[in-house]
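Participant: Heads up: the sequence shown begins at 1 in the UniProt record's numbering, then just goes up one per residue.
Don't read these hints as lab results, they were simulated from the structure. These numbers were taken from a predicted model, which means no experiment stands behind them. Glycine included, C-beta positions come from ideal geometry on N, C-alpha and C. Some clues are possibly wrong.
Per label pair, the in silico range of CB-to-CB distance [said to hold, decoys possible]:
hint : residue 1 : residue 2 : range
1    : 279       : 26        : 22 to 32 Å
2    : 77        : 346       : 38 to 48 Å
3    : 468       : 419       : 28 to 38 Å
4    : 272       : 30        : 24 to 34 Å
5    : 328       : 29        : 13 to 23 Å
6    : 274       : 361       : 32 to 42 Å
7    : 456       : 33        : 25 to 35 Å
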Amino acid sequence: MTMTENAGDTRPAQPGADLPRLNRSLRPAAKAPVRIVHLGLGAFHRSHQAWYTHRAGDAAEWGIASFTGRRPDAALALAEQDSLFTLVERGDAGDSFEIIGSIVDAVDGADVARLAELVSAPATAIITLTITEAAYRLGADGLLDLRAPDVVADLDVLARRTGSPATPLGRLAFALGARRAAGTGPLAVVCCDNLASNGTVARRAVTGLAAAWDAGLAAWIEANVSFVGTSVDRITPRTTEADTAAVEAACGYRDTSPVVAEPFRNWVLSGDFPAGRPRWEDAGAVFVDDIEPYENRKLWLLNGAHSLLAYAGQLRGHATVAQALQDELCRRAVERFWDEAEANLPGPDLQIPAYRAALLERFGNGRIAHHLAQIAMDGSTKLRMRAVPVLLAERARGRSGAAAALMIAAWMDYGAAAAQLQDPLAAGVAAANSLGGAERTRALLALVDPDLAADAAVVDLIEDLRGMFGERAVSR
Numbered sequence: 001m002t003m004t005e006n007a008g009d010t011r012p013a014q015p016g017a018d019l020p021r022l023n024r025s026l027r028p029a030a031k032a033p034v035r036i037v038h039l040g041l042g043a044f045h046r047s048h049q050a051w052y053t054h055r056a057g058d059a060a061e062w063g064i065a066s067f068t069g070r071r072p073d074a075a076l077a078l079a080e081q082d083s084l085f086t087l088v089e090r091g092d093a094g095d096s097f098e099i100i101g102s103i104v105d106a107v108d109g110a111d112v113a114r115l116a117e118l119v120s121a122p123a124t125a126i127i128t129l130t131i132t133e134a135a136y137r138l139g140a141d142g143l144l145d146l147r148a149p150d151v152v153a154d155l156d157v158l159a160r161r162t163g164s165p166a167t168p169l170g171r172l173a174f175a176l177g178a179r180r181a182a183g184t185g186p187l188a189v190v191c192c193d194n195l196a197s198n199g200t201v202a203r204r205a206v207t208g209l210a211a212a213w214d215a216g217l218a219a220w221i222e223a224n225v226s227f228v229g230t231s232v233d234r235i236t237p238r239t240t241e242a243d244t245a246a247v248e249a250a251c252g253y254r255d256t257s258p259v260v261a262e263p264f265r266n267w268v269l270s271g272d273f274p275a276g277r278p279r280w281e282d283a284g285a286v287f288v289d290d291i292e293p294y295e296n297r298k299l300w301l302l303n304g305a306h307s308l309l310a311y312a313g314q315l316r317g318h319a320t321v322a323q324a325l326q327d328e329l330c331r332r333a334v335e336r337f338w339d340e341a342e343a344n345l346p347g348p349d350l351q352i353p354a355y356r357a358a359l360l361e362r363f364g365n366g367r368i369a370h371h372l373a374q375i376a377m378d379g380s381t382k383l384r385m386r387a388v389p390v391l392l393a394e395r396a397r398g399r400s401g402a403a404a405a406l407m408i409a410a411w412m413d414y415g416a417a418a419a420q421l422q423d424p425l426a427a428g429v430a431a432a433n434s435l436g437g438a439e440r441t442r443a444l445l446a447l448v449d450p451d452l453a454a455d456a457a458v459v460d461l462i463e464d465l466r467g468m469f470g471e472r473a474v475s476r
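Produce the entire structure from the sequences given, and follow the hints as far as they go.
Facilitator: Structure, rendered in C-alpha cells:
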C-alpha cells in the first residue's frame, strides 16, 4: 500500500507536543518477505531503490533487508521505527511527504552472519549495491587493487575463516560463498553506484576478490550470478535537523530518519534477473539492451558537472550546488564541459539538449541544499569516470579537451587547499603536493590515470589551467 501525505493533509503539531513515533502500528502495513538484500543503507538507497520497490505493482512480494556500511547508526535508528521512514520530495512548489515501507529489515553491516543467512535463503533473488565508487577498490587500471590494505586484511580473514570481513566486497564474497554452499541457485547483483559499466565493474571486483580467496567460488559466481548494469539518478542531500522538524510539523509524528530528495528520479537497467525481480517499471524504471549511452549521459553531464562545481565552487567560496551555479565563472566552466561531453554522446534518443536544460533547473533548486563538500569526496576515483573519458575522447578527435582537463585541474587545486581531503588516495595526493610545478601536476595526474600522466601535452595543458578558480581557502 502506498501511503502519501501532503503538508496540508494533517494539522501541524503544536510546539512541544508529545508526538507518536513512526512505526507500523501508527501506519499499519504488512511486511513483505525479504527477497532483496541491499549493501549500503544510506539516504540515496532509501530515496531511489527503496522508493522504486515501494511503488512497484507487486511491492507486497518484495521486501528489502538493508545493511549499513561502516557504522550501524542508520540501521539502529530505522529498526526503532520498524524500518519505516518518510521521503520528503522537495520542489519549488513545496514539499510532499510519503511513508516508504519497502525496507523490512535494517541491519548493522558488521552482522555478516545475518547477511550470509539472507543471501543464501531460497527466496532471495537480488542483491543491490550502493557502496560508493571508492569501495570497489579499483586501481587506475580499472581492476581490483589486491594490494589495498583493507582488501589484504579481508582476504586474510576469509582465508583463516575467523572474524568477519570489513569491506563490502569481502562481506559480499563471504555471503555468496554461503549461497553456493546452500545450493539455493542463481541470483542477480545490481550495482547502483556511479561507475561507467558499473555491472562489469562489480563483476570484476567481486570475482577478483573471490578468486584470490577461493577459485571454486569465483567459478560459481561466474556461472550463477548475473551483474546488472544501471544508471541511477536522484539528487539526495544529507538530512538536517530542520528536515526532521519539518516532517514532525507536517505529518504529526516523530521520524528520526527522514530522507529529502528532489522530485526528479530516473533508473535505467540492463541485464538478467535469473530469480525474478519487482515490477520496477510500474514506478518508471526503464529496461534497455545497451546501458552505456545512458550511463555516460548521467556520469558526464550530471556527475561530471557536480564534480566540477564541487571543486571550483569551493575554491570560489561556495557551499552548495545552487550557489556555485550562480557564479558565472563556474557556470561557464560547466557549459563548456557539457559541450565537450555532448560531442561524444551518440544518438538523438538521449535527448541531450532537454537533459541539459533539466539539469540547470535541478541544480538551481535552492530548496535542495546539495553540499559541495559531500560531492567532493573520493575525487581520484570519481574523475576516472567523469572527466578522463571525455578528455580522452576529445583528444582522440584532435581537440584539446580543455574543459574536461579543467575539472582535473580544479580537483588538484582543491586538494592543495583543503584542510582535510577525504579520498582513498589522500596520502598520494599529499606526497604529490610536496613536489613543485609540472612534476606536481604529473604526479597528481598519475593517481587518476597513469597513461595521461605520461602525455607531456596533457600535463602541460592541466598545469596551465591550474589556479583558474583561485584558492579562497577551502576549510573543510
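Participant: Could you tell me which of the numbered hints above are not met by this structure, giving the numbers in increasing order?
Facilitator: Numbers 3, 5 and 7 - these are the hints that the structure violates, sorted from lowest upward.
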